[in-house]
Amino acid sequence: DILAAFRVTPQPGVPPEEAGAAVAAESSTGTWTTVWTDGLTSLDRYKGRCYGIEPVPGEENQYICYVAYPLDLFEEGSVTNMFTSIVGNVFGFKALRALRLEDLRIPTAYVKTFQGPPHGIQVERDKLNKYGRPLLGCTIKPKLGLS
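So in this note's numbering, spot 12 of the sequence shown is number 540, and the numbers just go up one at a time.
These aren't lab readings, by the way, just hints derived from the structure by calculation. Model, not experiment: these values are computed from the prediction. In this text, a Cβ means the ideal position worked out from N, Cα and C, and glycines have one as well. Any given hint could turn out to be false.
[Unchecked claim] Subject to a maximum C-alpha distance of 20 Å in a straight line, what follows is the list of computed SDA-like cross-link-like pairs (lysine to any residue):
1) Lys575 - Leu599
2) Lys622 - Val542
3) Lys640 - Tyr579
[What the hints assert, rightly or not] If you anchor each label on the Cβ, the simulated ranges turn out as follows:
4) Lys655 - Gln539: 25 to 31 Å
5) Tyr579 - Lys640: 21 to 27 Å
6) Asp654 - Ala626: 34 to 40 Å
7) Phe642 - Pro585: 21 to 27 Å
8) Gly580 - Gln539: 33 to 39 Å
9) Phe611 - His647: 19 to 25 Å
10) Tyr659 - Lys622: 37 to 43 Å
All chains should be modelled from the sequences, with the hints used to inform the complete structure.
Right, dumping it as structure tokens:
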């Protein structure tokens, strides 16, 4: 399994157990409506499971929710597929006031399926002329503050 630790701040009135279960479902097989393909396979085999919840020391109404994802949920060799599945749709979830991925544990056997880039980080840094800092990117969306 891929193991994720999310820092979760539920909306008022939402219990942490419900918030953790919602993150696990929404980031794996859950959907807000019934889909005709639901009956084609056993979703229990593929769904993420919230297996632990701990309060964050010194923080009111914040919890670390631990979620396990079966490897069968992910395409081998695709970092994009893995991250899109785990964090692609959960950050705008209405049951949560705030959500942050704190940690991700990936089994060595799955990591070995990643071929890596065709060239190293130095080539990327040289192309961009950016050194001494992380290289970051994001999808620009209007809800992020652009007009």
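Here's how the hints hold up against the structure:
Restraint check for Lys575 and Leu599: satisfied, since their Cα atoms lie roughly 10 Å apart, inside the 20 Å limit. About 10 Å separates the Cα atoms of Lys622 and Val542, which keeps this hinted pair within 20 Å; it holds. Proximity of Lys640 to Tyr579 is assessed by CA-CA distance (about 26 Å); at most 20 Å being required, the pair is judged violated. For the pair Lys655 and Gln539, the supplied restraint of 25 to 31 Å is violated, since their beta-carbon distance comes to about 43 Å.
Taking the beta carbon of each, Tyr579 and Lys640 are about 25 Å apart, inside 21 to 27 Å as hinted. Separated by about 38 Å at the C-beta atoms, Asp654 and Ala626 satisfy the suggested range of 34 to 40 Å. Checked against the given bound of 21 to 27 Å, the beta carbons of Phe642 and Pro585, roughly 35 Å apart, lie outside it. Distance hint check: the CB atoms of Gly580 and Gln539 are about 21 Å apart, inconsistent with the given range 33 to 39 Å.
The supplied range of 19 to 25 Å is met by Phe611 and His647, whose beta-carbon atoms lie about 21 Å from each other. Separated by about 41 Å at the C-beta atoms, Tyr659 and Lys622 satisfy the suggested range of 37 to 43 Å.
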